[in-house]
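Novice: Using the sequences and the hints, build the whole thing.
Line by line, the protein sequences give chains F and G. The opening position of the first sequence corresponds to residue 1 in the working numbering, with each subsequent residue numbered one higher. The opening position of the second sequence corresponds to residue 1 in the working numbering, with each subsequent residue numbered one higher.
To be clear, the hints were calculated from the coordinates, so they are not data collected in a lab. Don't take each hint at face value.
[Unchecked claim] When the alpha-carbon atoms are kept at most 30 Å apart in a straight line, the in silico DSSO-like pairs for lysine-lysine are as follows: (1) Lys111(F) x Lys56(F); (2) Lys42(F) x Lys9(G); (3) Lys70(G) x Lys99(F).
[As the list claims (entries may be wrong)] What follows is a list of derived Cβ distance ranges for each label pair: (4) Lys57(G) x Lys111(F): 39 to 47 Å; (5) Ser26(F) x Thr7(G): 14 to 22 Å; (6) Ser67(G) x Ser28(F): 18 to 26 Å.
[Stated by the list, open to error] Which stretches of chain G does chain F cover? Using the computed rule of at least three CB atoms under 8 Å from a CB of chain F, they are: (7) 10 to 22; (8) 34 to 47.
From the three backbone atoms N, C-alpha and C, an ideal C-beta is built for every residue, glycine too.
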Amino acid sequence: QKEVEQDPGPLSVPEGAIVSLNCTYSNSAFQYFMWYRQYSRKGPELLMYTYSSGNKEDGRFTAQVDKSSKYISLFIRDSQPSDSATYLCAMSARTNAGKSTFGDGTTLTVKP
Amino acid sequence: NAGVTQTPKFRVLKTGQSMTLLCAQDMNHEYMYWYRQDPGMGLRLIHYSVGEGTTAKGEVPDGYNVSRLKKQNFLLGLESAAPSQTSVYFCASSPRWTSKSNIQYFGAGTRLSVL
Chain F
1 QKEVEQDPGP LSVPEGAIVS LNCTYSNSAF QYFMWYRQYS RKGPELLMYT YSSGNKEDGR
61 FTAQVDKSSK YISLFIRDSQ PSDSATYLCA MSARTNAGKS TFGDGTTLTV KP
Chain G
1 NAGVTQTPKF RVLKTGQSMT LLCAQDMNHE YMYWYRQDPG MGLRLIHYSV GEGTTAKGEV
61 PDGYNVSRLK KQNFLLGLES AAPSQTSVYF CASSPRWTSK SNIQYFGAGT RLSVL
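Specialist: Encoded structure:
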């Protein structure tokens with residue numbers, strides 16, 4: 001079983017919809033939680049970074065971490081066609097040479 | 001600010017040929033990583049380095065070698081390419097002595113086909 005499981009998708013929504021992307025994990029040592037966005041034929045880029053449990057908001061994006069359930073989510077409000085991309089969750093432990101374990105990604109398409 | 005630069009961007013090899021992928025970063029990062037990305041399989045760590053002159057195996061190291069002779073460069077070598085190594089390869093780097101050493105900065109990728 002993988003350490004990080006991500007909802008596989010693909011996901012297709014109309015413009016303006018609220019999107020929920022989710023990952024579960026099994027390693028209780030994970031303390032840092034990231035969401036990366038990857039446009040087609042590009043490298044991943046950091047979208048959200050959170051430490052431990054709680055919520056973090058940045059514009060239309062909210063990252064949520066529930067360590068007790070080993071569950072993280074990324075919410076996108078008022079989704080736009082420019083949000084169409086693959087979203088990767090990533091997690092790492094405190095002392096692990098910066099290494100992260102990535103989910104397989106969820107591909108999102110926002111239709112105008 | 002170039003960030004992480006990968007060369008080449010595309011390459012086609014025949015089975016058994018060798019090649020080297022170059023990654024260069026200008027952010028003075030200590031940590032560097034090589035991943036491969038295959039459809040439906042996310043990013044898998046091949047090798048990584050925690051500093052100049054150091055390398056370590058990741059999740060899928062077989063068939064690859066790496067070197068970190070200079071802090072800013074991380075080379076990935078394929079000694080005898082196989083069709084199973086057809087993939088998109090990403091290099092990434094991250095800083096060591098900050099509160100955000102877990103954030104990785106990625107290059108644009110190298111698309112490799114082995115025929």
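Novice: For this structure, which hints from the list above don't hold up?
Specialist: 5, 6, 7
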